[in-house]
Amino acid sequence: METIKKLILEKLPEAVIEDKQPLCVSVEPKQVHLLMETLYNNPEYNFDVLLKVIGMDWGEKLGVIYFLTGSKDLFAKEIVVKTATADRENPLLYSLTDLYETALLNEREIYAMFGIRFINNPDMRKFFLNEDWIGYPLRKDYDGAPALNPMKVESKEIQDVTRRLTEVDGKIQEERIDIFEVDDYIINIGPQHPSTHGVMHFRTALDGEIIKKIDVHSGYIHRGIEKLSENLGYHQILHFTDRLDYLSANINRHCLCMCIEKAAEIEVPERAQYIRTILDELTRIESHLLGWAAQCNDLGATTAFVYGMREREMILHIFEKVCGGRLIMNQNVIGGVMFDIYPEFQKEVKEFIPYMREKLIEYDRFFSHNVIALGRMIGIGVLKQEDAVSYAITGPAGRASGWSCDVRKHKAYSLYDQVEFKEVIRKEGDSYARYLNRLDEIAESLHIIEQLIDNIPEGSFQTKTKPIIRIPEGEYYQSVEAGRGVFSVFIDSRGDKTPYRLKFRSPSMSLVSAMPLICKGEKLADFIGIGGSMDYVIPDIDR
Amino acid sequence: MNYSQPLELSHVTAWLDEVLRGAMPEFWALLIEYVLIGVVLLTLYAVLALILIYAERKITAFFQSRLGPNRVGKWGIVQSVADMVKILIKEIIYVKKVDKVLFYVAPFFMIVASMLTFGAIPFGQGLQVVDFNIGVFYVLAVSSLGIIGVLLAGWSSNNKYSMVGAMRSGAQFVSYELSAGLALMTMVVLSGTMQLSEIVESQRYCWNLFNGHISAVIAFVIYLISGHAETNRGPFDLPEAESELIAGYHTEYSGLQFGFFYLAEYLNMFIIAAIATTVFLGGWMPIQVKGWDTFNQIMWYIPSYLWFFAKAAVLVFISLWVRWSFPRLRIDQLLNLEWKYLLPINLVNIFVMVLLVLSGLTLTGLFPNVFGN
Amino acid sequence: MSGNYFSGLFKGVKSLLVGMGETWKELWTKKVTAEYPENRKTTLFVSDRWRATLTMPHDENNEHACTSCKVCETNCPNGTIQVIQKVIETEEGKKKKVLDRYLYDLGMCTFCNLCVLTCPSDAIVFSKDFENATFTRDRLKEQLNKEGSKLREKKKEVKPEAEKSAPEAE
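Residue numbers (the numbering used here), protein chains in the order written: chain A, 73 to 615; chain B, 23 to 395; chain C, 15 to 184.
Per the computed footprint, the stretches of chain B lying under chain C, defined by three or more beta-carbons under 8 Å from a beta-carbon of chain C, are:
id : stretch
1  : 87–101
2  : 343–355
Straight-line distance between alpha carbons at most 25 Å, and here's what the computed DSS-like set of lysine-lysine pairs gives:
id : chain 1 : residue 1 : chain 2 : residue 2
3  : A       : Lys393    : C       : Lys142
4  : A       : Lys538    : C       : Lys84
5  : B       : Lys182    : A       : Lys284
6  : A       : Lys431    : C       : Lys39
7  : A       : Lys144    : A       : Lys83
8  : C       : Lys55     : B       : Lys96
9  : B       : Lys118    : A       : Lys224
10 : B       : Lys182    : A       : Lys228
11 : C       : Lys45     : A       : Lys422
12 : C       : Lys45     : B       : Lys96
13 : A       : Lys419    : C       : Lys44
14 : A       : Lys334    : A       : Lys483
Computed spacing ranges between beta-carbons, pair by pair:
id : chain 1 : residue 1 : chain 2 : residue 2 : range
15 : A       : Ile293    : C       : Arg153    : 19 to 27 Å
16 : C       : Lys25     : B       : Leu200    : 23 to 31 Å
17 : B       : Leu200    : A       : Asp145    : 52 to 60 Å
18 : A       : Ala219    : C       : Asn76     : 40 to 48 Å
19 : B       : Leu278    : A       : Gln245    : 56 to 64 Å
20 : A       : Asp436    : C       : Gly22     : 18 to 26 Å
21 : A       : Asp250    : B       : Val123    : 30 to 38 Å
22 : B       : Lys122    : C       : Leu58     : 50 to 58 Å
23 : A       : Lys499    : B       : Leu167    : 46 to 54 Å
Hints listed in this document are in silico derivations from the structure and should not be mistaken for laboratory results. The model shown is predicted, which means the values in this text are computed figures rather than measured ones. Cβ atoms here follow ideal geometry from the backbone N, Cα and C, with glycine treated the same way.
Could you build the full structure based on these sequences and the hints that come with them?
Right under this line is the structure:
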């Protein structure tokens with residue numbers, strides 16, 4: 073890290089470097105791009121993954137925190153870049169879309185939530201919110217009175233015009249750009265559509281059956297969880313995580329719990345670690361099973377859907393017995409788990425493992441080599457590795473593009489450094505690679521559970537914590553490997569019982585942001601199939 | 023050889039004909055008979071659809087490790103009746119910006135096309151409404167009228183999903199009609215006639231499927247595939263692909279109008295099975311072995327219409343099995359399958375069949391004592 | 015070229031037949047549909063830990079354990095619980111706050127279990143009676159303490175649990 077520090081100071085002598093974990097660099101807005109370019113092209117370790125883009129309202133200043141790491145060896149080196157502007161009326165920052173594609177949607181989100189506009193961003197519309205929304209919700213001085221933004225009954229025309237800010241000779245120019253051409257045949261796939269896996273909206277321009285352009289709309293079920301969290305205690309925030317990516321409910325919650333535990337220095341008993349890890353892996357299996365089933369269903373194989381749901385049901389049954397919840401598990405609490413395992417837990421899980429292996433063979437025979445399915449998956453929706461990195465697409469989809477991005481391997485948490493498992497990586501980057509990755513990861517998860525299930529130590533499953541948890545002042549990051557990729561939590565604490573700012577990084581948002589890229593030129597039917605192979609979950613995007 | 027056929031329905035029809043002709047002038051007798059036939063066919067049409075819908079739902083469920091309908095009546099037997107009642111009393115939603123006339127006419131095209139085909143199918147001995155000498159040709163011609171309904175529905179709905187669905191349907195239908203026609207032509211070459219009744223009669227001791235062996239089996243498979251494709255059922259259900267196009271060409275339809283499309287889909291499935299039965303599997307003809315008089319007599323005790331429906335049911339089952347095993351094809355895969363595989367194979371196959379027939383290499387030609395009529 | 019054509023054809027057909035074989039096997043396997051509500055008394059499984067609705071157990075004397083300390087109310091993340099107190103005069107003539115009405119809105123509840131976990135006197139529990147559907151939202155709002163019920167007199171000394179009894183409200 074010393075060399076990097078030196079490199080930064082060489083390029084930008086005025087940068088403020090705070091020596092903490094991870095290294096934190098603060099610069100003026102004008103210099104952000106230069107700094108990022110330097111880091112991106114750093115010969116020793118390319119910081120080419122923009123994992124998190126966090127909008128911030130520091131009170132008098134508005135700004136952004138960028139969390140960077142590299143694709144070569146994820147999390148080997150991390151760096152945090154901060155920038156802020158004091159202009160609250162018309163805050164302007166510089167876009168990073170030319171370096172990191174993932175910045176596009178994130179900057180649009182920040183525009184909607186904080187009102188910060190980004191110069192050079194090619195599509196400066198609000199994401200999640202309508203253009204006419206009054207106020208910027210995540211700002212601290214936001215007026216949330218319902219009368220300002222009343223519920224409207226009549227539908228609104230969707231704006232197909234966007235703005236782009238450019239800087240010419242120090243002056244900001246604004247130009248209007250039409251997203252679609254006049255004669256485009258536009259189909260609205262969503263918000264109500266059988267195959268968008270939730271309330272997602274893709275404006276799709278078609279040329280016959282071939283997709284010309286996709287414009288992503290989201291926010292139909294945005295719940296403002298990040299804003300809500302700012303007024304709730306840490307115990308109370310926990311229950312929101314189950315409702316983000318509801319298929320990785322337990323993993324998400326595990327992440328937030330770990331982040332709080334790390335910050336408040338709470339020890340988690342060994343037994344709880346085992347229960348958490350086993351349930352995490354069961355959650356992953358369950359999530360991948362649904363992903364597999366839904367992908368098959370999207371390709372028209374309804375029967376496979378029912379098979380997937382049938383096997384998933386057995387896991388849900390175990391969940392129900394452990395924690396009294398099937399989908400919304402509510403199992404992790406700060407300092408351990410809410411419920412201890414029940415007496416037959418080990419027996420039932422051990423019965424499930426061989427059963428699931430048998431079923432994986434059946435899936436393989438039933439669908440994985442079907443000539444129609446192969447034709448609809450091989451070579452379809454190819455996501456190249458550099459694109460996966462640029463869009464920060466992690467999880468099974470990222471690994472299908474040849475990018476080793478498993479948090480469990482690169483920054484092991486919980487018990488993952490004690491178990492042996494393989495990171496499933498494929499090079500093709502097409503739908504089929506994503507499909508196979510998911511099935512193989514089920515097998516790996518079974519293998520992980522197998523190693524843990526007999527060794528659950530006796531003892532307490534929960535550390536008693538204070539009813540009000542206060543986190544010492546500071547910024548805390550925690551990442552986990554959720555069903556769809558890197559899920560991570562950022563907490564900015566001012567030492568209160570509530571977080572000053574809480575941000576979830578949702579893997580699905582990256583997945584969706586790449587849809588316009590990989591679907592371009594594919595057929596309409598394959599758009600649905602690719603969507604199934606990406607396996608995004610909408611509430612994860614609409615936090 | 024005449025066997026006693028106690029349960030044959032043709033006895034009833036012959037008796038009725040006799041009574042009517044005895045009681046009134048021929049014109050009135052015929053008129054009454056026509057009306058009766060019409061009523062019977064319509065009833066059969068509706069009842070068959072109900073049975074098919076129930077069977078499909080139940081069998082699908084079993085393939086998917088579910089129970090299927092099990093609420094209305096024992097094992098859910100009256101489920102489809104309940105659904106029919108529901109669909110009859112459901113409101114027809116009038117969509118504002120549709121092309122009114124075409125929108126309302128479209129479902130009728132579908133149902134009329136399948137009704138017309140229905141009339142020419144020999145359900146049993148003497149149970150055929152019209153026995154054209156160009157029966158095969160007629161069936162092909164009439165059943166392809168249905169596509170007009172699909173295209174009209176898609177066009178007039180003023181809905182982009184419907185439009186895409188209808189266009190897909192057009193491409194699909196035009197392609198697969200070719201294969202279906204050629205596959206049937208192969209069998210016409212074998213039978214030497216287009217008259218359905220004669221085709222059945224010629225299969226007394228040897229079904230066409232076995233008679234033409236290699237060539238007939240290929241034609242049979244091709245006919246099933248293309249027939250399946252023509253009925254817009256999975257894996258060829260692109261025009262209504264629900265995961266892509268919501269419901270394709272009938273997205274905007276509701277109530278009874280939707281019911282018509284639904285009905286026609288199931289009946290078309292049955293019609294394809296019925297034609298395949300007639301042309302390949304000996305139609306209503308019971309299994310007969312030359313010389314085994316007792317066996318033949320026993321077989322004839324089972325009435326011919328039961329034979330017909332049993333054979334058709336097997337084909338319907340295969341169609342369901344296929345539907346629920348495979349994912350949906352994409353439009354280019356669909357056209358590839360037709361133009362790269364089915365059509366060339368079919369053309370070669372006709373030629374092979376001609377050679378088989380000319381050189382007497384069919385089973386009836388090789389073993390006239392065992393299989394010949 | 016032609017080799018490819020035919021091998022592709024046969025491989026494709028084989029893969030389809032293998033798939034059909036799998037569905038054929040499934041045709042004869044045991045069906046997994048749960049026949050609710052017929053299986054209510056037989057195979058229906060609801061875990062004991064299932065959180066269906068919040069209840070306040072009363073004993074045979076129509077007494078509950080709620081001291082109306084409002085810990086649950088402050089811990090609830092979304093205002094599902096409303097504890098209404100009233101002031102009564104005890105026999106010794108002291109004024110004392112007791113529970114008047116314990117209001118719970120099932121329609122708001124996210125079943126996070128915080129109320130039950132934090133209750134210092136274990137007065138509320140989640141029951142597993144999951145059949146709570148109603149026709150109107152108003153009927154999801156319940157009063158958990160029964161009419162005329164009162165606080166159970168503790169025989170034992172109440173343990174001074176400083177941690178738990180400190181409500182979050184300031």
